[in-house]
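Go ahead and model the full structure; you've got the sequences and the hints to work with.
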Amino acid sequence: MIDEVVMLRHGRTAYNLAHRLQGQIDVPLDIVGQWQADQSGYALASRFYWAKVSECAARPELIAQPPASAAERTDLGQYREAPAAARRMVVISSDLFRAQQTAHAFADLLGLDVILDERLRERSFGQWEGLTREEIKAIDAAAYASWKQHTGGETRYGVESRAHVGRRGAKAVQELIADPRYAGTTPTTMMLVGHGSWITATITRLLDLNPDGMNALGGMRNACWCRLKVRHTVNGRDVDEPLFELQEYNAAPPIANNADWENGPAELRGPSIPDWQPIVW
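Its first residue numbered 1, the sequence shown is counted upward by one per residue in the UniProt record's numbering.
Mixed in with the good hints, there may be bad ones.
[Said to hold, decoys possible] In silico lysine to aspartate or glutamate, DMTMM-like type, Cα no more than 20 Å apart, as pairs:
hint, residue 1, residue 2
1, Lys52, Asp3
2, Lys148, Glu160
3, Lys171, Glu245
4, Lys229, Glu245
5, Lys171, Asp240
6, Lys171, Glu118
7, Lys229, Asp179
8, Lys52, Asp38
9, Lys171, Asp3
10, Lys171, Asp117
11, Lys229, Glu4
12, Lys148, Glu129
13, Lys229, Glu241
14, Lys52, Glu4
[To be verified] FRET-style restraints, in silico, Cβ to Cβ:
hint, residue 1, residue 2, range
15, Ala141, Val239, 39 to 49 Å
16, Thr155, Gly219, 14 to 24 Å
17, Gly111, Glu134, 43 to 53 Å
18, Gly130, Gly218, 20 to 30 Å
Hint data in this document are derived by calculation from the structure and do not stem from the laboratory. Predicted, not measured: the structure shown is a model, and the values here were computed from it. All C-beta atoms, glycine included, are put in the ideal place defined by N, C-alpha and C.
Now the structure itself:
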């Protein structure tokens with residue numbers, strides 16, 4: 001039974017750096033994006049270390065054993081008896097490569113598999129994919145202004161609406177929660193690795209907020225995460241559909257508060273990499 005959902009956005013890409021709309025274009029992480037993914041992976045792996053113990057208890061072949069000449073063998077019973085063994089984690093990633101890279105930066109540390117799911121793909125930006133805001137404004141200033149004001153002008157260019165992204169994202173989350181593979185009695189944390197607009201729109205829908213209203217959530221930084229508690233009962237009674245409580249939004253590893261998160265450390269930035277600049281509408 002899935003009782004916790006974590007949503008992790010991918011690290012930076014060259015399109016992010018240039019402020020080009022990626023949408024569903026398949027773009028890998030750049031060097032700073034890999035650093036961001038690794039830093040968040042380390043932080044989350046530390047928090048969810050219990051998941052490694054749980055995986056080892058379920059798959060004892062993952063546990064290292066000394067040579068036959070050693071005085072003792074590794075005690076597999078310690079893993080099976082650990083309270084962590086009573087819980088499990090599943091990692092599911094968008095099939096776009098930048099999300100896969102970010103998922104593996106976390107999952108590989110804990111010996112967890114990564115399951116790919118195209119339902120986690122980013123919002124489609126239609127004819128605007130690959131363009132900067134300046135280029136979009138030059139093509140159709142009125143549609144650009146409408147997009148900026150959340151009045152839907154972007155849909156004329158095949159851009160997926162925020163509401164539609166939220167509906168398909170929430171549907172994917174609800175279907176995964178109901179999936180027989182995860183719907184048993186074992187408490188389960190589901191890590192979903194994907195994209196900023198998808199995460200924001202999906203959570204907005206799950207919380208029944210207006211995706212175009214003032215109560216909508218803000219944007220996500222690269223390689224940051226959100227966490228939701230999933231309730232299957234209220235006052236001891238089962239509910240028809242799970243309820244969601246937002247526990248964390250746009251959370252980052254501690255290093256993000258002590259370093260230049262968007263640009264990465266100086267030793268990674270060669271002369272061909274420009275400084276990241278905030279988005280200007």
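Status of each hint after checking the structure:
For the hint pairing Lys52 with Asp3, the CA-to-CA distance comes to about 18 Å; that is within 20 Å, so the pair holds. In summary, the hint linking Lys148 to Glu160 is supported, as the alpha carbons are separated by about 14 Å, within the 20 Å threshold. Distance hint between Lys171 and Glu245 is fulfilled; the C-alpha atoms sit about 17 Å from each other, no more than 20 Å. For the proposed pair Lys229 and Glu245, the alpha carbon gap of about 5 Å is at most 20 Å, so the pair holds.
Distance hint between Lys171 and Asp240 is fulfilled; the C-alpha atoms sit about 15 Å from each other, no more than 20 Å. Between the alpha carbons of Lys171 and Glu118 the distance comes to roughly 13 Å, so the proposed pair stays at or under 20 Å and holds. Among the hinted pairs, Lys229 with Asp179 is consistent with the structure: their alpha-carbon atoms are about 18 Å apart, no more than 20 Å. Proposed proximity of Lys52 and Asp38 is supported: the alpha carbons are some 17 Å apart, at most 20 Å.
Of the pairs offered as hints, the one joining Lys171 and Asp3 holds, with about 17 Å between alpha carbons and a cut-off of 20 Å not exceeded. At roughly 13 Å between alpha-carbon atoms, Lys171 and Asp117 fall within 20 Å of each other, so this suggested pair holds. For the proposed pair Lys229 and Glu4, the alpha carbon gap of about 5 Å is at most 20 Å, so the pair holds. Simply put, Lys148 and Glu129 have alpha-carbon atoms about 16 Å apart, close enough for the 20 Å limit, and the pair holds.
Straight-line distance between C-alpha atoms of Lys229 and Glu241 comes to about 14 Å, which keeps the hinted pair within the 20 Å bound. The straight-line distance between the Cα atoms of Lys52 and Glu4 is roughly 17 Å, inside the 20 Å bound, and the hint therefore holds. Restraint check, Ala141 to Val239: a C-beta distance of roughly 47 Å satisfies the suggested window 39 to 49 Å. Checked against the hint of 14 to 24 Å, the C-beta distance between Thr155 and Gly219 comes to roughly 19 Å, which is consistent with it.
Remark: the range hint 43 to 53 Å for Gly111 to Glu134 is upheld by a beta-carbon distance near 45 Å. Distance hint check for Gly130 and Gly218: the Cβ-Cβ separation is about 24 Å, which falls inside the suggested range of 20 to 30 Å.
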